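Put together the whole structure using the sequences plus the hints.
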Amino acid sequence: MKYSIATVGSHSALQILKGAKDEGFTTIAICIKKHSFIYRHFGVADEIIEIPSYKEFHMIEDDLIKRNAILIPHASLVAYVDLETIENMKVLYYGNRRILRWESDREKQRQWLNRAGLFLPKVYRDPSEIDGLVIVKFYGAKGGQGYFLAKNEEDFWRKIGSAKDYVIQEYVVGIPVYIHYFYSVIRDELELMGFDRRYESNVDGIGRIPADLQEGLQITYTIVGNFPLMLRESLLPEVFRMGQRVVEASREICSPGIFGPFCLETVVTPDLKFYVFEISARIVAGTNVFIDSSPYALIRHGKPMSTGRRIALEIREAIEQERLEEILG
Amino acid sequence: MKYSIATVGSHSALQILKGAKDEGFTTIAICIKKHSFIYRHFGVADEIIEIPSYKEFHMIEDDLIKRNAILIPHASLVAYVDLETIENMKVLYYGNRRILRWESDREKQRQWLNRAGLFLPKVYRDPSEIDGLVIVKFYGAKGGQGYFLAKNEEDFWRKIGSAKDYVIQEYVVGIPVYIHYFYSVIRDELELMGFDRRYESNVDGIGRIPADLQEGLQITYTIVGNFPLMLRESLLPEVFRMGQRVVEASREICSPGIFGPFCLETVVTPDLKFYVFEISARIVAGTNVFIDSSPYALIRHGKPMSTGRRIALEIREAIEQERLEEILG
Amino acid sequence: MKYSIATVGSHSALQILKGAKDEGFTTIAICIKKHSFIYRHFGVADEIIEIPSYKEFHMIEDDLIKRNAILIPHASLVAYVDLETIENMKVLYYGNRRILRWESDREKQRQWLNRAGLFLPKVYRDPSEIDGLVIVKFYGAKGGQGYFLAKNEEDFWRKIGSAKDYVIQEYVVGIPVYIHYFYSVIRDELELMGFDRRYESNVDGIGRIPADLQEGLQITYTIVGNFPLMLRESLLPEVFRMGQRVVEASREICSPGIFGPFCLETVVTPDLKFYVFEISARIVAGTNVFIDSSPYALIRHGKPMSTGRRIALEIREAIEQERLEEILG
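In order, the protein sequences belong to chains L, W and A. Position 19, counted from 1, in the first sequence is what my numbering calls 19; the numbers after and before it change by one each time, with no gaps. Position 146, counted from 1, in the second sequence is what my numbering calls 146; the numbers after and before it change by one each time, with no gaps. Position 143, counted from 1, in the third sequence is what my numbering calls 143; the numbers after and before it change by one each time, with no gaps.
Just so you know, these hints were derived from the structure itself, not from any lab. Note that this is a predicted model, so its numbers are computed, not measured. There may be inaccurate statements among the hints.
In this list, chains with the same sequence are indistinguishable; a pair is considered to hold if it fits within one copy or across any two.
[Unchecked claim] Here are the computed lysine-lysine pairs in the BS3-like style, where the Cα-Cα straight-line distance is at most 30 Å: (1) Lys34 / Lys303; (2) Lys273 / Lys34; (3) Lys303 / Lys2; (4) Lys66 / Lys108; (5) Lys55 / Lys137; (6) Lys137 / Lys273.
So this is what it looks like as structure tokens:
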């Protein structure tokens, strides 16, 4: 094949590169120096391009273009390379890169999800409105370390300190569920890749400490890993409809809309409502729990299929049908 | 093959239908209209029969009989079609349908488990007897939404409200473990399919809320999904013996006893005792964590084997040995 | 092949024996009588040798030697057969058996991990030094049943009772992560098998009990099972380096060092530091979550590979290269 598949060596690169090789592509891992040994070890990259730091990403763009590489974005790219640089890159890019603006801006993201008709946690404009448990989040926070819970206005003021750029969100009491979708442009079909539950430090450890010893604990939400999860099959119709509505709404706000992998980050309440507190408009690390195969994709495709491989399959089918430009954005 | 395999499109239908196809059967999904697109999407059903609502299930019985379909029961069938209708259906039915009376009646279920010599949580006849943490359950409650915990009699009366039909059960402090068995009539052998841990809203979310912010929380036990789990290998002998005793006891109370998939729902205490708080006398949704293959079944059978496929394998072997009537009940 | 592979029928024997058969070995399970039916059921053992109790293990040594068996150690062997007996056994033994002294002695283990430059929880020499949440552990405790948490010196004295042989350790607030490694002597390479999270009774159940009902609960840490877990890919470089340093340090303290499977038992803090609270110098039961295949090993080896099978592959390659003596210790 005359195209190769490239991604940044981090996040979900193992499944992306492995999946690309399974579909017959040559693969390129772009790594900062101290990470490259991982991708060498696993043998998933036909070529490793080292960069001194993610900030130097633009330096290797010409190399990628020369190799006819299609770049697969993921959170490490989005976190370390600024949006403008991504938007202006000349390298072939899988996905609709303009949707990233809608993902990264809390207000725009909320508009999108609202338009899709999803349940969203209430947002309080002012601390005085707090009428139940809330979670206070900060703009641009990495990994949820600064977040805190407050039970009322007084509690809020005691904890907020001198922080300014925050959002006060209803804390929906329920259980976290991350839903992994793949929208195929080539097959014009929404697929379900599966579910996971994040494993966050320290919030997923405090339940192991008896209540009377929890005094003074600060809770934090640093993502450390993911657990595979299966959902009640009777919830699948709603899960599909939610994904479908997100795709449709995205077409209205940012044509041609979202495609490829995306994730709805939800809390499921006791009455089985999905409250969506975030959308990720690209592959998320939770799909690593299906590094070999997603259970649903296995049924749908009749063979092992990770989200990474699903991306490569889409690109291969696009090339075969001479429709590649439809999935580069 | 002249038989087909049919099930209601919900609960564990994906693995049942996929497994049936893997074993060479044609498959039928019986779906309410708004769910049928799921089974069409996954391509697991050779035919989809739509019904307006589960109450209309009896309407399609003749269709199933005409197609020589063997109906695989699961919780959605049992929840939505009343017991008498199930008992009187003429369609070929996999399993001992008379055992459902023993499953659905708390008192009879307790007799069965007692006869099998299992540890059961204590039941308090009167609130005045409460001498430790208890869980109060209601008859016929769907998904555990009305359940509550109480630490003493006073706490009980404060929380019970006007409810009447309740059972007060010892709250066994330990960790939930769901054990999945398959008893094969054709091979005369008990198999272990594996373990899961349910994921319930909101009770599995409250541990993420610090103790001092939990005030006023109502806990609920709505099943949302399941996590795959492996048990200590040294517990397997006891796990097998428990399953064996359940099968033996079932033969005494409801000949020819239970066969096919069943599940013991347990809490494991720190001294490694299994307290059984419920038995499900058919496939449960927790087996969806093995939608491709159960780890134990993979070893036993030398190839991927979900519980759904195991059912189909049993039916195929019964047909080949002309013993089908032994597994229809 | 003229060698066979033997292990004690418990712990991780299913994957060890299954893996050995997958690599072409004949297999022997050494079982106490009431457990042997499990290994017969799963068909993983070509021969089952029954012993009245683990204490009689030495009785069958000659049988193993006659069969040219290579014994694979795991925790059940180490727990039930005393160290001296293991050190003096004449049977072929996979691994460096002298490392077990460094694993079983808390002080020596700490030296080893320190030398590897890992983060360790602080140890308090005297209760008066307690300046935060601590966990009090006992020597030789089986499964963590006697452990307790204390928030200060007063709390410590109230809970310690008459116990004498204890260690007071900083309770690192974070989330437990168990890291599974395999160091191959034959390929001179460290491999990552994956991650799990233990499931302990009752400590993993108390989070399901609201704070106001937890009064009087005694927490315990009895291992019941394991959940599969994936870690953030960006943590893999650090994970590999930690494992590498453990191997290097082991060569300095106990030549030729550790090889084969081992496990770092860690707590990951919100700033993504791995605090290592224990090392297991052999296969651990957490690898049972990869009873078919580890996700990482699948990529590395291009086919399903459990830790048990990885051991057998190492032995097979050693035999083929006439280097067997390098991996028997």
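Starting from the hint list further up, note which numbers the structure goes against and sort them upward.
-> As far as the earlier hints go, only 4 is violated by this structure.
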